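> With the hints as constraints, model all of the structure from the sequences given.
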Amino acid sequence: MRIERWFYIVPLRLRSLFRRQSVEADLDDEFRDHIERQTAEYVRQGASPSEVRTRALRAFGSVDQHKEAARDARGVAGIGHAVQDVTFAVRMLRKIAPRIRTLVVAAFAALALVLASIGVYGVTSHVTAQRTAEIGIRMALGARSFQVVSTVAGRIAVYSCAGLLIGIASAAVAAQVIRALLYGIGPMDVAAFAGGGVVAIGIAAAAAWIPARRATRVDPTAALRSE
Amino acid sequence: MSRPTDLVQGTLNLLVLKMVALQPMNGFAISQRLKQVSNEVLQVTDGSLYPALHKLEQEGLIRAEWRQSENNRRAKYYSLTRLGRRRLAQEREAWDRLSAAISMVIRLREA
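Protein sequence lines correspond, in order, to chains A and B.
Residues 1 to 227 (the working numbering) make up the first sequence, in order.
Residues 1 to 111 (the working numbering) make up the second sequence, in order.
To be clear, the hints were calculated from the coordinates, so they are not data collected in a lab.
Being a predicted model, the structure only gives us computed values, none of them experimental.
We treat Cβ as the ideally placed atom computed from N, Cα and C, and that holds for glycine.
Do not take every clue at face value.
[Claimed, not checked] Simulated coverage check for chain B against chain A, where a stretch passes if three residues somewhere in it have a Cβ under 8 angstroms from a Cβ of chain A:
(1) 24-36
(2) 55-63
(3) 67-76
[Stated by the list, open to error] Calculated cross-link-like contacts (lysine-lysine; reagent style DSSO-like; alpha-carbon spacing at most 27 angstroms):
(4) B:K35 / A:K95
(5) A:K67 / B:K55
(6) B:K55 / B:K18
(7) A:K67 / B:K18
What follows is the structure in structure tokens.
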């Protein structure tokens with residue numbers, strides 16, 4: 001029942017959000033159809049043709065108000081507001097002096113980088129720590145620690161590269177949005193992209209290496225019990 | 001319902017669901033039909049009917065479909081979904097209970 005519900009709701013919500021123009025056109029058509037039917041109804045009741053249109057319009061009330069209410073009922077106001085907030089923030093930032101603006105943007109960028117690093121480190125070290133038992137078995141069977149660490153690191157490297165590609169693509173799109181806020185730097189600055197990428201890869205490498213290394217050092221029987 | 005306060009909360013949804021359960025209908029037909037079958041007692045304003053329709057559509061209780069109107073324009077027809085049918089049954093049951101209870105109370109004999 002839940003799934004059946006989402007099956008209807010999700011496409012409708014997405015449409016309200018992204019196909020705003022066609023939703024507006026639908027509302028126009030729906031209301032126009034209503035008014036035409038009302039007009040025809042008045043004619044059928046024998047009202048004079050000169051006044052039916054005006055009567056129908058008056059009976060319907062404010063089209064704009066009805067549209068607003070229908071839009072509210074479609075319930076995308078929350079996301080719509082979030083988009084408005086971001087647009088507003090960007091507009092405000094554009095108004096302040098370039099030096100201060102650069103500082104603000106840089107501070108947010110640094111914060112974002114720190115948060116991203118914490119995230120990458122947390123996930124990577126957790127994934128690696130989960131393999132402690134497996135590493136213990138490999139070590140007990142005589143694998144050398146270099147081999148074990150490189151196996152673990154290889155897997156992490158694949159994830160990280162995939163993440164990096166997605167990240168660079170999204171950053172390229174996002175950079176166009178904040179283009180107006182950039183000062184003395186282009187939206188496709190190679191150094192900035194490379195710097196961010198290096199930090200992310202470095203964090204992932206450290207996050208994979210430290211727990212893997214630790215796992216190769218512990219007693220294999222202890223490692224086996226770790227799960 | 002020119003004044004929404006006149007209407008017991010939530011009954012508009014029940015009425016709309018029942019109307020489109022009869023047959024697929026456009027907004028105008030729903031309000032006309034409602035007026036007819038209730039001997040002109042239930043008069044929904046367009047300002048409250050359309051938000052209710054769109055809300056029900058968003059909730060997946062009714063489904064909208066575009067058809068060609070008699071004069072070759074696009075007309076939007078609403079019909080009940082399976083989910084809506086279930087909701088209609090629930091709401092009708094709730095309404096029967098509520099209205100029976102209210103009738104019982106207001107018919108109490110005064111001493």
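> Please flag the earlier hints that this structure goes against, numbers listed from lowest up.
4
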